[in-house]
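Protein sequences appear in the order of chains A and B.
Here the first sequence is numbered in our numbering, starting from 1 and rising by one per residue.
Here the second sequence is numbered in our numbering, starting from 1001 and rising by one per residue.
FYI, nobody ran anything at the bench for these hints, they're computed from the structure.
A quick note: this is a predicted structure, and the numbers were derived from the prediction, not measured.
A couple of the hints might just be wrong.
To be verified - Examples of chain B residues toward chain A, derived with CB under 10 Å:
id	residue
1	Lys1031
2	Ala1032
3	His1062
4	Leu1066
5	Lys1078
6	Leu1080
7	Lys1087
8	Lys1090
For each residue, glycine too, the CB sits at the ideal point set by N, CA and C.
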Amino acid sequence: MKNLVILGGGTAGTMAANKLRKALDKVEWQITVVDRHDKHDYQPGYLFIPFGTYTPEEVTRSRRKYVSDDIPIVYGDIDRVDAEARTVSLTNGTVLPYDQLVIATGVTPRPDQTPGMDDEGSWYVDVFDFYTHEGATALAKKLETWKGGKLVVQVVEMPIKCPVAPLEFVFLAESFFTERGMRDQVEITYVTPLPSAFTKPICSEHMGHLLTERKIALESDYMVERVDSAEKMLVSYDERQVPYDLLVTVPLNMGADFVARSGLGNELNLVPVDKHTLLSRTYDDIWALGDANDIPASKAGSVAHFEIEVFIDNFLEHIAGKPLTGSFDGHANCFIETGYGKAMLIDFNYDTEPLPGKFPVPGVGPMSLLKETKVNHMGKLAFRWAYWNVLMPGRPMPIGAAMSMTGKDVPVA
Amino acid sequence: MPVTTIEGHEIHVDAEGFMTEYDEWTEELGKALADAIGVELTDDAWGPIRFLREDFKAEGGHTPTLRRVSTVGGFDTKKLFEMFPKKPAKKMAYIAGLPKPAGCV
Ligand SMILES: Cc1cc2nc3c(=O)[nH]c(=O)nc-3n(C[C@H](O)[C@H](O)[C@H](O)COP(=O)(O)OP(=O)(O)OC[C@H]3O[C@@H](n4cnc5c(N)ncnc54)[C@H](O)[C@@H]3O)c2cc1C
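With the hints as constraints, model all of the structure from the sequences given.
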């Protein structure tokens, strides 16, 4: 019997395990999932916790419940992968041998990587993240009683998971303060390391106006060097200071530390893989899926879903000794909450930037690409249902793995 | 792909002027590209430029990020901002004849 070990039972690990269990012979292949604990969070829900739309409890479910009963889950902290000996060691001493390994341990926000960011007395007092359960929950508490002042929403560095989430946070915050009748007491600034809020030309043309319309100030090309928690300001490498009363930051996103310890990661602990096949560029028995790999696509649940469809075919070919024919195109499909009960939708891949049009049925929709609509917002909220009931169990989605050009309005050059 | 002439050499560039053919680059061209965007290439500034060239090749055609230039290349980020003001990642890539570093939506 051969062993397939899947590290991480989050979005990507759960989908891969369930799909492979159906595709692989049970006598030939044993599948094991490793994760720290049984709490599986619907992370897109973190965005809504600070504004009271979701309660913290609502986003968490049992990991065990969503992984097929015939797949054992080993609970423990992964300490190291020995790629030569083909074993995984956990900090509790357990050693798991593997024939094929899937790394799906995601990325986490690392406030410790920016000097001053997680200073005691300021972290979760006037500096927050919303990329963790604790951060989003603490921020919800803060916003309940916050009297207003300078709100700074800041991204430390790309890549981050769900690259549109910080902008969504800005739009939802703006609408939240307006609805509470305190918009004039809040000054909102969006601080980004990128040259503008939206960097793809057509996206920028369709969405750029939202910031000006809603009186949100923009500080671009901003590479933060440190947070001065005493003076309450951000300081960049080129010495621009941005003062805040409330800082909502997206800290540096890094892959798991065991990836670095095992010599399998790049400078952000991401596992280098071939961007089309998802097989490690160094080891032909290691794959990396979801946020944990280094492909130049958005780090998002939707990307993990499309990617895994391609991965399954490749995995089956690989163990049969055949060449890999599946080629991932970088397909991503993301809702962007824009506040006031509306959202936009974007659909793109490695080669095609987000374009306007209708989705998923050309000309009909019901969703509109690159346009603010209420239906898109309903779509975003329905995504939570789809996440637990369609994506995790590995049921087919009505959207193909490869991006489709039909329904998109292509600009005439 | 548009072709442009710098210092008497014909080179292929993209719409923003970033070189698209790795092998067309020479240090002499690098100097000319730096002049074109008002960057003075001191001895210190050549270090990161050479790192970008080597890393791009070793990594199968990825322009390194600023973080990579500092953590893997060992160059101080603050100094990079002094030598290549405001947009160091973009300016270094331009001078090194590499594709513009990838952004996001
Ligand atoms: C605020 C926010 C909003 C988002 N919104 C959207 C959205 O609207 N649409 C969308 O598509 N995506 C969205 N995402 C992104 C999406 O949640 C992620 O891309 C997705 O969860 C990635 O899946 P993954 O399996 O790679 O990683 P994860 O789901 O994070 O899973 C990683 C797993 O590995 C485990 N693990 C890590 N290290 C170890 C270790 N050392 N030992 C044992 N176990 C370990 C963790 O416990 C975890 O269960 C959002 C994310 C955030 C934070």
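We went through each hint and held it up to the structure:
1. The beta carbon of Lys1031 of chain B is not positioned within 10 Å of any beta carbon in chain A (closest approach about 24 Å), and the interface hint is therefore violated.
2. Annotation: interface hint on Ala1032 of chain B violated; nearest CB of chain A at approximately 24 Å, more than 10 Å.
3. A hinted interface residue such as His1062 of chain B counts as satisfied when its beta carbon comes closer than 10 Å to some beta carbon of chain A; here the least separation is about 8 Å, so the hint holds.
4. Given hint, Leu1066 of chain B at the interface with chain A, holds; its Cβ is 7 Å from that chain's nearest Cβ, closer than 10 Å.
5. With a cut of 10 Å, the hint placing Lys1078 of chain B at the interface with chain A holds, because the nearest CB-to-CB distance is about 5 Å.
6. For Leu1080 of chain B, the interface hint holds, since its Cβ comes within 10 Å of a Cβ in chain A; the closest pair sits about 8 Å apart.
7. Hint status for Lys1087 of chain B: holds, given a least beta-carbon distance of 6 Å to chain A, under 10 Å.
8. Hint on Lys1090 of chain B holds. Least Cβ distance to chain A is approximately 8 Å, under the 10 Å limit.
Of the numbered hints listed earlier, those contradicted by the structure are 1 and 2.
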